[in-house]
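K.L.:
In this text, residue positions in the sequence shown follow the UniProt record's numbering: the first is 1, and each later residue adds one.
Check each hint, because a few of them may be wrong.
Pairs of lysine to aspartate or glutamate, DMTMM-like flavour, derived with a Cα cap of 20 Å [unchecked claim]:
id: 1; residue 1: Lys283; residue 2: Glu201
id: 2; residue 1: Lys999; residue 2: Asp807
id: 3; residue 1: Lys623; residue 2: Asp661
id: 4; residue 1: Lys69; residue 2: Glu24
id: 5; residue 1: Lys766; residue 2: Asp807
id: 6; residue 1: Lys968; residue 2: Glu1015
id: 7; residue 1: Lys413; residue 2: Asp327
Treat the hints as calculated values from the structure; they're not laboratory data.
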Amino acid sequence: MIPRIGRAHQISQQVTQYLTILKEKGFSGDLTTSYAERLSMATDNSIYQLLPQAVVYPRSNSDVQILAKLASDKQFHSLSFTPRGGGTGTNGQALTEGIVVDMSRYMQKILQIDIAQKWVRVEAGVIKDQLNQFLAPYGYFFSPELSTSNRATLGGMINTDASGQGSLVYGKTSNHVLSIKAVLLGGEVLETYPMPVESAECISQQQSTIGRIYRTVYQHCRQQRQLILTKFPHLNRFLTGYDLRHVFDDNMTQFDLTRILTGSEGTLAFITEAKLNITPLPKVRRLVNIKYDSFDSALRNAPFMLAAKALSVETVDAKILSLARQDIIWHSVSKLVNDDDAKKISALNIVEFSGDNEEKINQQLTNLCTQLDKLILAGNSGILGYQICHQLADIERIYTMRKKAVGLLANTKGLAKPIPFVEDTCVPPEHLADYITEFRALLDRNNLAYGMFGHVDAGVLHVRPVMDMCDPQQEVLMKQISDQIAQLTLKYGGLLWGEHGKGFRSSYGPQFFGDQLYQILCQIKTAFDPLNQLNPGKICSSLNVALPLKPIDAVKRGTYDRIIPINIRQTFESVMACNGNGLCFNFDVNSPMCPSMKISQQRIHSPKGRATLMREWLRLQVKQGVNLKLFTEDMNNYKLPWPQKITRLYHTLRAKCGQYDFSHEVKEAMAGCLACKACSTQCPVKIDVPTFRAKFLALYYSRYLRPISDYIVANIELTLPLMAKWPRWFNFILQQRWIQILSHKVIGLTDLPQLSTPSLQQQLVKHAALSLSLQQLESLPQKARSQFVFIVQDPFTSYYDAKVVADFIYLIERLGYRPILLPFSANGKALHIKGYLSRFAKTAQKTADFLNRLAKLSIPMVGIDPALVLCYRDEYSQILGNKRGDFEVKLVNEWLITVLAPKTVSKLTTEKWYLLGHCTEISLLADSVQQWIKIFAQFGCQLINVNVGCCGMAGTYGHEVKHLTNSKGIYALSWGNRLQKLPKKRCLATGYSCRSQVKRMENETIKHPLQALLEIIK
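With the hints as extra help, turn the sequences into a complete structure.
P.N.:
In structure tokens form, the structure reads like this:
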């Protein structure tokens, strides 16, 4: 029996009192001390873990003023506050044991744009790609680039002074911040912008908090100007937090406090708004992918490419390329790097030219290619070849692969993973190859593998040694290597913090700043934050309350994970693999990744959040002495003993009376998952939430009773064949108001679909081609059997959308083949979704045995619904292993693409069809949409792919009362917006759930693509 897990971490009385008064003061945002939400804020994209006491989500600048003013009250001086954005930091910048102030949930407004003056004003929670999506129609973009651009907030970018690809031309975030609105402790609003030094002097004379801040920064930075200029290397990336060098301009006529706040990591103030300059989109872009025989060759070739005046030179090593080949991303880029040569390629330099003068760009490109040809001919450069990308779509695909490199590294097999702790050092580009040679030698001496990628044009390489942080000895080694790399970086005239900020590496600050300049940092911190309440332990400490800086060897995720036995870690491998890269926070509503996160705006409803909760749940189970061996080794055959079945009622009643169990918080997070499977491929480390959710639910319901709706869903494949014998009668019953009320109020199901009338059997009653027996087929020669096609039924299409199945039969006949409708055999996906693992295993084995017998006939088996067909490949393989057999059920498009004779159509029809993809299908089958496009083209028809996210139905999810609002909201995010602009009669969807959701929301029926093909052929 899985026990109840009590409150593992109590909230301090002072925090509770602060939150109570905060709400009384008029704070309009959200407040939470739930263990689940605090855990979701305990990690970022680093190796560290700190559990906050509470999380607050302000809705506006006024909310931030209220919380900052209350924080300065004497009774709360011991509390600390840490601003947080997208949580993509690699050094623990936003991790705290105090109160997290999350700007990303609500402060997402783009406030103002002035195209004539080329600026935009935004709130701190606006995501970088969100802003660029807004700016694109105006012909502009916010140019500082970074790999996490689809989930990194601008507030976070400003706080870490983020930069990445193209920084030689576009600079860092601080180069594009015109002004900042920030809230100081005490609630005062500070607005910074460039001003004449005379104005700064005047402000510094004021006897106020703002006057004190100006006075401190102005005096110290002016007095130590020469030391500041000579101390730091003149690097493109310069220095993050605090930028003493650029407070004054080169002529000492302008003063800008903004440069102190950019890169301050939330240690000085709460940045709530920013005015940013924007850059015209380049009219011409060209990309050259240069392939090398070694990583060293790629690095030593970088200065040559810099001389070609490229916008950027990005590099990836063989490890990244190898991992990319195993990922869904490779499907989109393989032709752009000539995958035929992939095994020889050990590194790739990605060189971009961009601008408005096409003739100039093409000439630069030609010059580079001419030089490359000479080097290849000479034969000693290590260059294997190169390919040019002229199309914007191809360029974006290459960069998407490059951006995914961070997450891909964590997909390395085994317990040891490439981890960030020395991964954004910066040295002068001319020293980069020699520096990396020593860097690699240090790692080699310690027998450590590693992955590398980065910006060779700026002298920044992301090096991630492969280590197991669950191993205490490796944890000690990590600290030793970190210390040695700090010294090596100094040796080559570089900096330890190239672009990802300081965070837990702040303790190296005095080495790089020197005592005199480091004291200036402390003076500035004291002026802004006298009592060290803002993100303490990062960058430096206030002189008034000197606290130690967070050490590089602080508490890590591995510190907690090592408590979980290795066999359980292996059983829940995808849970443990999460490295916090946060790609599941992708803001793009047309991306399939995690619809529950998009609609709820809650981190616990994301793959990362669910993996975090599951890790903690496993840890707490072990800590309480629970032996999970039975469940982890033989969960599929586990039967709940009768005494436990009885005690489940007792525990359920106790829970309803308010008894706390952390398991309930985990269950709520799992319940929000739509089981779309996007995370299993879109996530770089393949965090497969539906798989580990099924295991959790099986364990959870060994203690608590299931809701009635679970039993109905679990038995749907047993009841539907019976109901389909009298569809009109059952539809009449289901339409009765008292039944609908009962279903809604008691069972928790709503908008129940109607059975097909006439039923599939009634539609095909005279169809003689379906009457051949298995024995008759076995007696036929192979050549004769090649004309047949087996149709594998699924419960939803066959019983709720039977016309699609009938139309498929007619389409098969039109194409010259003979269809055979197989007897219905339960698929079991609904059982898996609800965590009935033992029943699912039996159902899967029974159906697998049936399909394996048919597979011996070598007759293709084709199913219609993507979610059910892909279940045969995914969930069946996971739960049955070798017992699954080798049967194959194809989707309609997979079969059609093999049987249609290739032909070239000179001209496609002007009328277009529009395909809205099924989220599971496009996630698991990267080629699916292109197959449909090719199929339609063979019939002379133009099929347009419409990028959409999840429709929000996802099987039974959209019919459950508790999910109804979110289901409709998810539909409105993507599908609803797209369909409003398209002719619905020409819109197509492969998924039954998708068509069902459209019918519910639009009161219109859209076709399956096969039905459109049948119409075209007719």
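K.L.:
It remains to establish, for every hint, whether it holds in the given structure.
P.N.:
Going down the list of hints, with the structure as the test:
At most 20 Å may separate the alpha-carbon atoms for a hinted pair to count; lysine 283 and glutamate 201 exceed this at roughly 44 Å. Under the criterion of a C-alpha separation no larger than 20 Å, the hint pairing lysine 999 with aspartate 807 is consistent with the structure, at around 19 Å. Restraint check for lysine 623 and aspartate 661: satisfied, since their Cα atoms lie roughly 15 Å apart, inside the 20 Å limit. Between lysine 69 and glutamate 24 the alpha-carbon distance is near 13 Å, which keeps this suggested pair within the 20 Å criterion.
A hinted pair counts as satisfied when its Cα atoms are at most 20 Å apart, and lysine 766 with aspartate 807 qualifies at roughly 15 Å. For the suggested pair lysine 968 and glutamate 1015, the alpha carbons sit about 31 Å apart, so the restraint of at most 20 Å is broken. Distance check on the hinted pair: lysine 413 and aspartate 327 sit about 13 Å apart at the alpha-carbon level, within 20 Å; holds.
The structure fails hints 1 and 6 (numbered hints given earlier, in ascending order).
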